[in-house]
Structure formats: C-alpha cells, structure tokens
Amino acid sequence: MAVYSMTTSTTTSITKIWKALGSIDFAVALLLAMVADLTWGFFALRFSSNPFRPLNDLGLLEWAQTYGRANLGETLWFFLLLALLFLLAMNTFVCTTIRVDALARRRATSMPAVRFALKLAPHVMHYAVILMLLGALSSYLFTETTPNNILTVGAGARIRPTDYSMRLEGFDLAFREARPWNPRRGSRAVDANVRLALLDANGGLVREGTLSLNHPLWFEGCSIHLKDFDPQTKGGGMGGKPHVNLIVRKDPGIRLYLAGTFFFVAGLSMYVCEWIWTRWKKEEKS
Amino acid sequence: MKTKVFARRAAAPILAAACLLLHGCDAPSGKTENFVNFGEFSVKGLPNGVKEVTDGIGRKLALVPRGQQAPEGYEKTEIVEIPVQRVAAYSGFDVSMLKALGVVRDVLVGVAKPKEEWTIPEVLAGMESGKIVYLGEPESINLEELTNARPQLVMTWDQAIIPTLNDLGIPCIITTTPVAADLNARMRFVQFLAPFFGREKEADAFVERVTRTVANIRAKAAEAKERPRVMWGDIYEKRVMVEPGNCWVGEFIRLAGANYLFDDVYGSACIEISTERFLTSGKDADVFFTYRGANVGLTSKEAMVRMNPAAGRIKPLHDGDVETPLPNYAQSADKLDEILEEVASIVHPDLFPKKERKFFAELPATDGSGKASKQ
Amino acid sequence: MTTAPIEALSHNTFLAAAGIYVVSAACAFARLRRTATVLFIAALLANAASMALRWLNVWPLLPLNLGPFLLPVFIGALSLTGILRGVGGWRTRVAAAALAALAAAFFPKDFYLPFVQSNTLFSHLFTFFGAAARACFCIAAMEATLDLAPVLRGEPFAPHRHAAIGAWLVWGFITLTVSTFSGEMWSYLGWGSPIVWEDAAVAVTMAVWCYYACLLHLHLSRRWTPVHRLAFTAAGGLLVVFFIICTELGPFQWPYIQ
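Chain order of the listed sequences is A, B and C.
Per our numbering, the very first residue in the first sequence carries number 108; after that it's consecutive.
Per our numbering, the very first residue in the second sequence carries number 88; after that it's consecutive.
Per our numbering, the very first residue in the third sequence carries number 49; after that it's consecutive.
No lab work stands behind these hints, which were simulated from the structure alone.
Just so it is clear, CB atoms sit at the ideal spot from N, CA and C, and this is done for glycine as well.
Hints may contain errors.
No farther apart than 30 angstroms at their CA atoms in a straight line, the calculated lysine-lysine pairs in the BS3-like style are these [said to hold, decoys possible]: (1) B/K200 x A/K341; (2) B/K325 x A/K341; (3) A/K357 x B/K163; (4) A/K334 x B/K147; (5) B/K163 x A/K334.
Quick list of the computed label-pair ranges, beta carbon to beta carbon [as the list claims (entries may be wrong)]: (6) A/E284 x C/A74: 37 to 45 angstroms; (7) A/A143 x C/E246: 18 to 26 angstroms; (8) C/L104 x A/F150: 52 to 60 angstroms; (9) B/R393 x A/E284: 29 to 37 angstroms; (10) B/E204 x A/A304: 56 to 64 angstroms; (11) A/W325 x C/R81: 43 to 51 angstroms; (12) B/K441 x A/E284: 53 to 61 angstroms; (13) A/E284 x B/E204: 33 to 41 angstroms; (14) A/E284 x B/M394: 27 to 35 angstroms.
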C-alpha cells in the first residue's frame with residue numbers, strides 16, 4: 108500500500124514537473140528573460156573590448172575558461188544566455204511534444220491529412236529550433252578551427268586536424284568593369300578565385316580544388332573558407348607578397364544546425380500556407 | 088505557481104553548472120591566475136613554466152624555457168625558446184617596445200627599414216657596428232641576410248612572410264590586430280612581449296608609469312570648460328583613412344577632454360572611410376592630426392591642399408591646428424606617457440603645461456611661412 | 049572631388065525624397081488627401097530609385113548601413129494600398145515614412161566602404177529582409193498604439209485593426225527570420241560559423257526575434273488579454289526603434305547637396 112502511494116506520488120510529481128516545464132507562461136517568461144539578457148549583451152558588446160572575438164576559434168569550453176572567465180563583467184550575460192537557451196530548449200521540447208500528442212489524438216478522430224500536416228507547422232518550427240540549438244552547441248563544443256592559414260603561391264599548410272595538407276597553386280582576382288558613372292569601381296577586386304592542391308600525408312596529390320569568397324571548399328570533413336586576400340587593388344596592396352588567408356574548420360555540428368534551419372524554413376512556409384488558408388476561410392464565411 | 092516550482096528546482100543545477108564553468112571567477116577584468124589578455128593578444132600559463140601566447144591574428148605559439156622539452160601539439164615554428172636572444176623586427180613600434188623592456192641593445196639583430204629612417208639611438212648604433220642588419224623592405228626581405236642574422240623570433244605586421252619564415256624554421260608573431268587596439272591594449276602590449284624576454288618587471292613598471300600619466304590627464308581634463316573637436320587620419324589623392332573611435336587614439340582624445348569626431352567609426356586602425364564623411368566631420372574640427380609628416384612631402388597646409396583640393400574644405404586647414412608626426416613619433420612607443428602628455432597639451436593648451444614639442448609639429452600655412460596659420 | 053556621379057545622384061535623390069515625404073506628411077495633416085497621396089508616391093519612387101542607384105553602384109558588393117535609407121521605402125510601399133484607400137491611420141504611416149527619411153538624412157551612417165566579403169546573395173537578402181521586418185514591426189506598433197489610444201482615454205476596447213496587426217506581426221517575424229537565416233548563411237559561407245558574437249547588432253537582432261516569437265505565443269496564455277498584447281506590440285516598436293533603427297544611425301549632420 109505504501110509502495111503504491113509512493114509510486115502514485117512520484118508519478119504525480121513527474122507529471123507536474125513535465126507540465127510546468129512545458130507551460131506557455133514559462134516559455135513567455137524565458138523569452139522575455141532572453142530579451143532582457145540580450146539587451147544587456149548588446150550594451151556589453153557595444154561598450155567593451157569585446158572578448159568574444161576568439162570564441163569561434165577556441166570553442167566554448169576553452170573560451171569560457173580563458174577570455175570568458177577573465178572578462179566576466181563583459182561576458183556574464185552570455186553565460187546566462189546559455190542557461191536560458193538550455194531551459195528554452197527543454198520548454199520547447201516538452202510543450203511541443205504535449206501539443207503534437209494532442210494533435211495526433213485529434214487527427215485519429217476527425218482531421219483531414221492536409222489540414223493535419225499544416226497544423227503541424229508550428230511544431231516543426233519548434234523541433235527545428237531544438238535541432239539548431241543542439242547543432243550550435245555541438246559546433247561550439249567540438250569544432251576544431253585553424254583561423255589564419257596564410258599562404259603565398261607555392262606555400263603549403265596542414266589541414267588541421269587531418270593529416271592532409273594544402274598548397275596554394277595560385278589565385279586570380281576578379282574585378283568589376285569600370286563604368287562612366289563611376290570610373291573608380293574598376294580598380295578594386297570583388298573576389299579571388301583560389302586554386303589549391305590537396306595533398307595526402309606523403310605529399311601526394313589527392314585532388315585540386317578551388318574556392319572563393321563565400322564559396323568554401325569541402326575536403327575530408329573540413330571546410331576551407333577564404334577569409335581575405337591581398338592585393339585587393341590593381342597594382343596595389345598592403346606592401347607584402349600576394350597572399351590569401353584561409354580558415355579551416357572541422358565542424359561536426361554544422362549539419363545539424365543547417366538541418367534545423369531547413370526544417371524551420373519548411374515549418375514557416377507551412378505555417379504561412381495554413382495562416383493564409385485560415386484567413387481566406389474566415390473571409391469567405393464573413 | 089507551477090512556473091515558480093519549476094524555477095526553484097531548475098535554479099540549483101543551473102547555478103552549479105555556471106559555478107563549475109566559471110570557478111575562480113573573482114579575478115580582475117582581462118586576467119585570471121593563469122590567463123591574461125591584452126585586447127586580442129593573450130598569455131596563458133601551462134605546466135612546467137611553458138606559456139602559450141596568442142598573437143594579433145590568433146596564432147598560438149608555445150614559449151618554452153630554454154633547454155626544456157616543448158609540449159606536444161605545436162609545429163616547430165610555433166615553439167619559441169625563452170628568453171629570446173635574437174630578434175628581427177619590422178616596425179618602429181615593435182622596436183620601441185623592445186626598448187621599453189630594456190632589451191633592444193641585446194636582442195635586436197635585424198630591421199626592415201634603412202638606417203636613415205631610424206631615430207632610436209640603440210638601433211643607429213647597432214646598425215653602425217653591424218650588429219643590426221637592414222633586411223630589406225617588407226615586400227622584398229633579403230632571405231640570405233635574414234638567415235645570416237639567425238633571429239630566434241621575427242616580429243612583424245606582414246602576414247605574407249609567415250610561409251617563408253615557416254620554410255626557414257623561424258617563429259614569428261604578428262604584432263598588429265584586425266580590430267584597432269584600445270588604450271588598455273596599447274598600454275599593455277608590452278606585457279604580452281615581456282614573457283618572450285623574461286622582462287615582466289620592466290613591463291609592469293612601464294604600464295604603471297603610463298597608467299599614472301593617463302590618470303593625471305583624465306583628472307585634469309575633467310576641469311575642461313570646452314571640448315575641442317579632434318580628428319586623426321589623413322586625406323590622400325583618392326582615399327581617406329582615419330583612426331576609428333574604438334582605437335586608443337579615439338579613447339585617449341575623449342579622456343583628454345576633447346570630442347573625437349570619428350567616435351562612431353568602428354574597425355581596424357587606419358580604416359578607410361568615404362571622403363564625404365571625412366570632409367563633413369572636418370568642417371567642425373579644431374585640431375587635425377595627420378599620418379604623414381614633412382619627411383614624406385607634407386610640408387604645409389598649402390601642400391596638403393595641392394595634393395587633394397578637397398582637403399581645403401576642412402576647418403583646420405584655414406582656421407585651426409594641423410599636427411603632423413615627427414619622424415621619431417612612430418618609434419617612440421616606449422615614451423607613450425610623454426606622447427599622451429604632448430597630445431593632451433595640443434588639445435588643451437589651457438590645461439596642460441606647454442612643453443618642448445618632441446613628437447608632433449604644427450603644420451605651417453605655406454611652405455615659405457615657417458609658421459602656423461593661426462599665429 | 050572624389051565622389052562618383054552615381055553616388056552624388058543617389059545622395060541627392062534621397063534628399064529630394066526626404067523633402068517630398070515631409071511635404072506629403074504636412075499635406076496629409078492639412079487634410080489635403082489627394083495632394084498628399086501624389087506627393088507620397090513621388091517620394092516613394094525617388095527613395096526607391098536612390099536605393100537602386102546605391103545598389104547598382106557597388107553590385108555585387110553590398111552598400112553598407114543601408115537600413116535607415118530602406119526603412120521609409122518599406123514603410124511606404126507596404127502602406128501604399130492603405131494610403132490610397134485612406135484607411136484609418138494612413139496619415140500616421142505617411143508621417144512615419146517622413147520621419148524615417150528625415151532620420152536617415154540627418155543622421156547618415158553610410159560612410160563605410162563596401163567590403164569584398166559581402167559578395168554573396170545572402171548579404172543582400174539579409175539587408176533587404178531586415179529592413180522589411182523593421183517596417184512591418186513599426187507599422188504593427190503604430191496600429192497597436194492607435195487601437196490602444198481610446199483604451200487609455202477610458203473608452204471600451206474595440207480592436208478595429210486586430211487582424212491587420214496580426215498580419216503585420218506575422219510578416220515581420222517571417223521577414224526577420226529570413227533576414228537572420230540569410231545572415232547566418234553568409235556568416236557560415238564566409239567565415240565558417242553561422243553566428244559570430246562580435247557585433248552588438250547580433251545580440252539585439254536576436255533580442256528582437258525572441259521578443260516577437262514571444263508575442264506570437266501570447267495568445268496561447270490566458271494571462272495576456274488582447275489589450276495586453278496590443279501594449280506588447282506597441283512596446284515592440286520602441287524596442288525596434290531604439291535598439292535597431294537608432295543604432296544604425298550616425299552622428300547628426302546637416303544634409304547638403306553633393
């Protein structure tokens with residue numbers, strides 16, 4: 108009898124916690140707390156020496172123990188944000204699961220398939236947010252970044268953390284054409300087409316690849332991004348040898364993050380369809 | 088009610104996690120017991136007296152006590168044996184920082200400017216005696232000279248030299264940053280360099296001296312009744328470059344009791360902005376500090392207008408001060424306190440005692456006049 | 049002078065647009081509806097032309113700090129049907145566009161030169177949809193304030209524009225999301241990371257996104273009455289104005305013809 112009573116009481120407590128965790132009022136409170144925290148973050152970023160610059164290069168744990176800790180007055184809001192995001196993810200998961208469960212029960216009785224699919228839209232967005240948060244967390248925890256790989260033509264560098272390496276074969280600058288209404292526009296490069304030889308641990312050519320601004324090269328689980336190049340003007344430059352600056356990142360969380368983004372956009376599109384359809388129905392009735 | 092219950096239950100693990108993450112978080116800003124950052128530069132203590140430093144572009148190097156085995160995970164050119172005994176340095180700023188540490192005479196072996204361009208007595212003497220060699224211009228460093236100089240470290244702003252130095256097996260540090268250093272980072276850069284040479288005490292003394300000067304200037308500037316408007320940059324034939332508001336220059340101008348006209352500009356030191364903005368701000372300026380001096384042909388306000396007639400539209404060119412740096416300015420970072428005092432006395436001659444000018448000269452109105460326009 | 053002809057033309061066209069917006073607003077409040085409407089359309093066209101010239105001048109790069117100049121275009125374009133029909137609150141929208149144009153004219157921050165890393169469609173989408181979102185939120189806030197005014201005077205609550213406000217909020221949230229995701233894609237392709245915590249604008253954009261995400265959930269809670277939600281919508285306008293629009297403005301400067 109006592110065991111039964113204890114089990115019932117535990118189940119009731121769990122149910123209470125589960126419901127409280129998924130409550131909409133809790134979500135509102137969390138979102139408002141995030142607004143306040145991010146506003147604090149806005150001021151901290153605007154009027155500080157900005158210790159966040161190395162965050163993407165170091166990863167969350169190392170950054171937290173160095174720049175984060177050493178500049179706590181400027182970074183505390185960020186740690187608070189992490190805690191709030193964790194709670195928001197929990198709240199979103201529980202709240203959405205409760206509602207999807209209820210929706211599925213209704214669907215079993217009386218809802219057409221298309222309507223059901225459209226009704227799922229907000230829930231797709233909510234689950235997508237969780238995916239994005241998980242992806243971002245994985246990125247911050249597990250990404251290995253080599254931020255500045257400076258290469259002159261013929262020079263090479265290891266593609267960390269792999270054993271492969273890359274060698275700069277050359278790069279061509281892309282210019283815009285000068286126009287009569289703006290003769291200066293022809294003098295500055297707008298892009299650089301970078302040719303890399305990708306080599307194995309013994310220096311053997313695996314393949315050649317190209318990259319340019321905003322068009323990274325993917326190789327052996329790493330993405331190689333063109334951060335900068337010099338010269339950027341015809342016959343000019345900073346004074347040193349022509350070179351490119353590449354960022355190499357091995358980011359295991361990015362796929363999850365991008366998948367979350369994709370599902371969010373899909374959910375948003377479904378939501379818009381459902382919203383327009385509902386409005387149209389209402390107008391038709393009235 | 089449910090929310091309150093949950094909040095109480097959730098608070099404990101969150102606080103515990105935060106404390107675990109941040110344990111020992113009572114350290115002053117920018118510093119913990121084994122980590123300190125000066126803007127983008129940082130020094131982190133590792134076991135066995137090894138230090139990991141981060142240079143201006145985020146490259147990590149291990150400083151290993153001479154004779155001790157280096158920790159794993161660093162390439163050969165990412166390991167620097169300390170104290171460093173032979174250094175090649177590109178810029179006057181880097182060399183003057185070595186001077187602040189009191190090591191320039193002992194360690195400097197190569198520079199990237201010819202003798203005529205140096206004003207630091209130790210460098211001139213070293214070049215005369217042959218101890219310090221001219222390595223060539225930055226874009227065409229003579230690798231044979233560099234190899235012969237046998238530097239254990241190269242201090243440079245030129246990222247493009249890194250692959251070459253890697254091939255030669257010479258470690259290097261980039262001493263500039265993508266975002267301009269603020270006053271604190273500028274003052275404390277010397278503390279970043281100190282572990283390379285085991286000169287932490289000298290670095291601390293330098294920082295203390297400059298901090299005291301800044302505090303004095305700040306206190307005196309608080310009495311200012313008017314805030315003159317200051318701009319710092321230059322207008323070339325086709326381009327305009329300025330010091331942004333986040334730069335140490337902007338920060339100092341503000342604390343010296345003046346308004347910096349590019350306060351809202353953010354970015355790297357010597358950032359290019361639109362000519363229109365430069366001219367608009369210049370209409371209100373009282374003092375204009377330029378990058379160029381008489382040694383590169385900027386001999387008068389008239390000469391400046393000849394180079395770009397648009398410059399004539401800014402107020403200091405006809406009714407105000409134009410201050411140009413003297414050749415030793417860029418090589419006098421070891422006298423940062425004196426530079427700051429001189430800038431303060433230019434901006435507020437009413438508050439700060441007039442001293443003999445060492446770092447800046449007032450640009451005369453015309454080449455023949457030899458005196459400033461307002462005089 | 050070093051200003052290119054197209055830059056001068058774009059600058060002067062915008063100033064003309066700002067001037068016409070102001071005259072249009074004056075006519076609107078003087079109850080000269082037809083004149084106000086004609087002038088408003090003229091201002092809108094001039095404003096749009098000015099933006100097109102700026103874009104064309106630096107394409108495929110992104111003209112920087114364009115937000116304040118784009119805001120009146122979006123407020124105007126999105127309100128145009130309402131203004132043409134003379135729906136309630138049309139004068140407020142004309143005035144809002146004029147105010148936004150004046151702010152951009154007197155507090156310009158367009159002095160940064162375009163940078164090469166902006167050479168991607170995502171950077172343009174980020175800017176374009178970001179400005180659209182701000183306009184939607186500003187219009188929603190104005191409508192909400194107009195609905196709230198009688199309540200504050202002690203009259204019973206009558207949500208005339210309730211559905212319309214909801215639409216502005218939804219479209220604002222959608223465009224803000226598209227803008228944010230475009231920014232993230234740009235950041236990922238350019239630098240390898242979707243979020244970079246260096247810029248204060250990132251924090252405030254996320255704050256605004258959370259605020260409106262919160263607002264869109266309020267109807268699910270019984271604690272939040274329609275009046276509360278309207279007040280929340282109106283307050284959102286303040287958040288957008290002070291933390292996004294104002295931070296994109298530069299120092300005061302008298303407008304001048306180039």
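Do the hints match the structure? See the list:
no. : hint                                : result
1   : B/K200 x A/K341                     : holds (25 angstroms)
2   : B/K325 x A/K341                     : holds (14 angstroms)
3   : A/K357 x B/K163                     : holds (23 angstroms)
4   : A/K334 x B/K147                     : holds (18 angstroms)
5   : B/K163 x A/K334                     : holds (25 angstroms)
6   : A/E284 x C/A74: 37 to 45 angstroms  : holds (44 angstroms)
7   : A/A143 x C/E246: 18 to 26 angstroms : holds (21 angstroms)
8   : C/L104 x A/F150: 52 to 60 angstroms : violated (37 angstroms)
9   : B/R393 x A/E284: 29 to 37 angstroms : holds (32 angstroms)
10  : B/E204 x A/A304: 56 to 64 angstroms : violated (40 angstroms)
11  : A/W325 x C/R81: 43 to 51 angstroms  : violated (58 angstroms)
12  : B/K441 x A/E284: 53 to 61 angstroms : holds (55 angstroms)
13  : A/E284 x B/E204: 33 to 41 angstroms : holds (40 angstroms)
14  : A/E284 x B/M394: 27 to 35 angstroms : holds (29 angstroms)
Against the hints set out earlier in the document, violations occur for numbers 8, 10 and 11.
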